[in-house]
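Chemist: Protein sequences, first through last, are from chains C and V.
Going by our numbering, the residue at position 15 of the first sequence is 15; the numbering climbs one at a time, nothing skipped.
Basically our numbering = 1-based index in the second sequence + 174.
It is possible that part of the hints are untrue.
Unchecked claim - To give an idea of the chain C side of the interface with chain V (calculated C-beta under 8 Å), a few residues:
#1 Lys23
#2 Gly25
#3 Thr28
#4 Ala31
#5 Arg36
#6 Arg37
#7 Val68
#8 Gln71
#9 Ala74
#10 Gln75
Hints in this document: simulated from the structure, not taken from any laboratory.
No experiment lies behind these values; they were computed from the predicted model shown.
Ideal placement from N, C-alpha and C gives every residue a C-beta, glycine not left out.
What follows is the residue order along each chain.
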Amino acid sequence: MSSANKNGGWSRPHTISVLVENKPGVLTRVAGLFARRGYNIDSLAVAATDDPGLSRMTVVVQTKDELVLSQICAQVEKLVDVHSINDHTEEAIVARELALVKVRCDDASLAAILQIVTVFRARTVDIAEGEVVIEVTGARDKIDAMLRLLERHGIVEMARTGEVILSRGVQPKT
Amino acid sequence: MNGAEAILRCLQAEGVEVVFGYPGGAVIPLYDALHKVDLRHVLVRQEQGAAFMAAGYARTTGRVGVAIGTSGPGATNLVTGIADCYMDSVPTVFITGQVARPLIGRDSFQEVDVTGITLPIVKHSYLVQDPEELPQIIREAFHLARSGRPGPVLIDVPKDVQLVECLASIDVPTSELRGTPTVNASFDEQIAAAAALIDASTRPTLYVGGGSLDAAPELLEFAEKTDIPVTWTLMGKGAFPEDHELSVGMLGMHGAAYANYAITRCDTMIVLGARFDDRVTGKLSTFNPEAKVVHVDIDAAELGKNRFPDAPVNATVAEALRALTPACASGDRAAWKQQVAEWKQRHPLVAHVARPNGEIRPQHLLEKLTAATGGRAIVSTDVGQHQMWAAQFYQPKEPRLFLTSGGLGTMGAGLPLALGAWFARPDREVWLVTGDGSLQMNIQELAVAVIAKAPIKILLINNGYLGMVRQWQELFHERNYSETWLHDKPTPDGTPADVLSPDFCALMEAYGGKARRVWSDQQVNDAIDWARTVQDGPVLLEFIVNEEENVWPMVPAGGDTGEPILEPEGVE
Chain C
1 MSSANKNGGW SRPHTISVLV ENKPGVLTRV AGLFARRGYN IDSLAVAATD
51 DPGLSRMTVV VQTKDELVLS QICAQVEKLV DVHSINDHTE EAIVARELAL
101 VKVRCDDASL AAILQIVTVF RARTVDIAEG EVVIEVTGAR DKIDAMLRLL
151 ERHGIVEMAR TGEVILSRGV QPKT
Chain V
175 MNGAEAILRC LQAEGVEVVF GYPGGAVIPL YDALHKVDLR HVLVRQEQGA
225 AFMAAGYART TGRVGVAIGT SGPGATNLVT GIADCYMDSV PTVFITGQVA
275 RPLIGRDSFQ EVDVTGITLP IVKHSYLVQD PEELPQIIRE AFHLARSGRP
325 GPVLIDVPKD VQLVECLASI DVPTSELRGT PTVNASFDEQ IAAAAALIDA
375 STRPTLYVGG GSLDAAPELL EFAEKTDIPV TWTLMGKGAF PEDHELSVGM
425 LGMHGAAYAN YAITRCDTMI VLGARFDDRV TGKLSTFNPE AKVVHVDIDA
475 AELGKNRFPD APVNATVAEA LRALTPACAS GDRAAWKQQV AEWKQRHPLV
525 AHVARPNGEI RPQHLLEKLT AATGGRAIVS TDVGQHQMWA AQFYQPKEPR
575 LFLTSGGLGT MGAGLPLALG AWFARPDREV WLVTGDGSLQ MNIQELAVAV
625 IAKAPIKILL INNGYLGMVR QWQELFHERN YSETWLHDKP TPDGTPADVL
675 SPDFCALMEA YGGKARRVWS DQQVNDAIDW ARTVQDGPVL LEFIVNEEEN
725 VWPMVPAGGD TGEPILEPEG VE
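All chains, full assembly: derive it from the sequences and hints.
Modeler: Written as C-alpha cells, this is what we have:
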C-alpha cells in the first residue's frame with residue numbers, strides 16, 4: 001500500500017460508509033459529488049439498514065489527494081438526505097465482500113478447483129457440464145487471491161458485491 | 175382542496191406575499207387556484223426573469239423568494255437563476271410543473287428531468303409523488319432554503335398531483351423538519367482559539383463576505399473593540415459602513431489596491447462568511463501564505479476548502495461575533511492602521527471626473543449616484559465593467575442594498591433583481607446599474623416594470639462593447655477585439671459604423687417608460703435628478719461613454735492579489 005501522494009499516482013483505497021435516507025435519488029446525489037471531481041467509484045454497496053428508513057452505502061474509492069477526498073466527504077455530508085459519512089480507512093473495521101465465480105472445469109481440473117474452494121472456505125453452489133459456480137465471502141484481498149488461483153482454470157463469469165463494512169467493537173450507530 | 179390549492183395555502187403559511195412566475199401547461203391548475211388565496215403574483219416575461227426577481231426579493235429582504243415555472247422549457251429557463259442562487263447562497267424556493275405521473279420518463283410533451291438537471295445546483299430538491307406529502311415538503315423546503323447556509327430548493331410537482339385531492343393538514347409541525355444544522359459541540363474551544371490568535375496579532379485584517387450581511391451590528395462592535403481594519407468581498411458589500419474610519423475597501427480582482435495590500439500583508443486574516451473565492455485570492459499559494467487564518471462559516475464544508483484555517487469557527491457570523499467580541503481584548507492597532515492609510519493615500523481608487531472633451535467617466539457616474547441617493551437606494555447591477563465600477567464607487571449605507579450576481583456572474587440578472595427588490599420594498603428608491611450588453615439579456619422584463627408602475631431607475635453605461643471582455647482582449651489578447659463590438663461591425667478603415675441598435679431610449683419608450691440619452695458630463699447631474707423625480711414607472715438614463723474605459727486596478731486571473739496592476743498614468 002502506498003501512502004497519499006499529491007503528485008503521484010492513485011494511492012490506497014479508502015472505504016467510506018454513508019448513512020442515508022432510504023429514498024429515490026439519494027444515490028445519484030452522492031455519486032454526483034464523486035464524479036464531479038473525477039473520482040471513479042471502485043465498489044459500491046447499498047442496502048437498507050436495520051431501520052428500513054435508512055440505507056447504508058459503502059463506497060470504495062482511490063484518491064491521489066487526501067484533501068480532495070475530505071472535501072468530497074464534507075460536501076456529501078451537507079446533502080439533506082445524508083445522515084452521516086465516515087472514512088474508515090484509518091479505523092479497525094470488519095470488511096466483507098461476496099463474489100460468485102463461474103469456472104470452467106473438466107474431470108481433470110475439478111478436484112484441484114474443489115481444493116481451492118476448501119482452502120478458501122468458499123462454497124460450490126452449482127455444478128453443470130464443464131462449469132462450476134463458486135461462492136466466496138471475505139475480505140477483498142482474500143477474494144483477489146482466490147481469483148488469481150482460479151484464473152488458470154478459466155473464469156467464465158464473475159460478479160462481486162463490493163465491500164461492506166462495520167466498525168469493530170462497540171461503536172455508536174452514526 | 176386539490177394539490178394546487180394546497181401548495182398556495184402552504185406558501186401563505188410560510189408568510190409568502192409575492193411570487194414570480196409564468197404559466198404553462200403543467201402549472202395551469204396552480205394558476206387556476208391562484209384567485210382563491212391572498213397571494214400577489216407577478217407575471218414575468220421569461221422564466222429566468224422570475225428566478226432573478228425571486229432572488230432580488232430574497233437578496234434585499236433575507237426572506238425566501240419564490241418563483242414558479244411550467245415543465246420543460248419553463249423549468250430549464252429557471253436553471254440559470256437557480257445556479258445563481260446556489261453560488262451566492264440566496265434563500266429561494268422554485269416550484270416547477272411536471273408532466274403527470276403516468277407520463278414521466280416517456281419523453282412526454284414538455285417533459286424534462288429538472289430535478290436531475292439541477293442536482294448539483296440546489297441545496298435540495300423534491301419530485302412530489304403523493305399529494306399528501308405537499309405540506310410536509312413545502313415546509314421542509316422553506317426551512318432548508320433559509321436555515322444554515324441559505325440556498326435554492328426545487329419542488330417539481332406533476333400536473334396530476336396538483337389536480338387530485340389533498341387531505342393532509344397544512345399545519346406541519348417544525349419538529350419533523352430535517353436538515354437543521356447540527357449543534358457545534360466545539361464552539362467554545364473554537365472561539366477561544368480564534369480569540370487567542372486575534373489578540374496575538376499586531377496586523378490583523380477582517381475579510382468580510384456575504385455571510386456577514388445579517389451580522390452588521392455585531393461586526394461593527396467587534397471591529398471597533400478590536401480596532402481591526404475591514405475589507406470586504408463583492409458579496410459582503412454593505413455589511414460594514416464604507417465611511418467608517420476602519421473601513422478599507424473591496425478585495426480581489428478589481429478591489430482597491432490598498433485593500434489587497436491590507437489582506438496580503440496582514441499577519442492574521444479574520445474571514446467572516448466568505449469562501450476564499452478565486453476572484454478574491456488570485457493565485458491561492460501567493461495569497462498571504464504566512465498569515466494566520468481565523469475562518470468563520472456556517473457551512474463546515476467551507477472550512478479548509480480553499481485555505482486551511484488555523485482557527486476554524488463553524489457558526490453563523492453573528493453567533494461567532496457575539497462570542498468573539500467579549501472574548502477578544504480591546505485593541506489599539508494604530509501603527510497597522512497608519513500603514514493601511516498610507517497605502518490608501520498612495521494608491522487611491524480614482525473616480526475620474528470627466529475627460530477634457532466633456533466625455534462622461536463611468537466611475538464618476540457611480541460616485542454621483544452615491545451622492546444623489548445618500549447610499550440609501552437599492553442598487554442592483556448586471557455583470558461586467560459597470561458592475562465593478564458600481565462595487566468600487568457606490569457606497570450603500572446598509573446591508574442588502576447592493577444586489578449583484580457574484581459567484582455565477584450572470585449577465586441579465588440586474589433588471590429582474592431590481593424588480594424583485596422593488597416588489598419587496600416598494601418604498602425604497604431602486605436603481606439598476608447596467609451595460610449595453612447585459613441589459614439586452616433580460617430586457618423583456620421592462621414590460622413588468624411598466625405595468626406594475628415600478629419607478630426603478632436604469633443607469634445604463636453604454637460603451638458599445640462587451641466592455642469587460644474587451645478589457646481582457648486589450649490587456650491579454652493583443653487587442654484582438656473578437657466579437658465584443660455590439661453596435662455593428664466597424665468599417666474597414668477602423669471607424670465605427672453609425673448603426674446604433676438597439677436605440678435604448680426608443681426601446682424604453684416603446685415599452686412605455688421614460689428615457690433620456692446623455693452624452694456630456696455636464697448633463698449628468700440633471701439627468702440623475704430628473705430620473706429621481708419620476709415616480710409613475712421606470713426610467714432609463716443612457717450614458718454614452720468611451721469604450722476605452724477600463725476597470726482599475728486589476729489582478730489578472732490567477733495572479734498575485736498582493737501585486738495588482740495599477741491604473742496606467744496619463745490615460746487621459
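Chemist: What are the numbers of the hints the structure violates, in ascending order?
Modeler: 1, 4, 6 and 7
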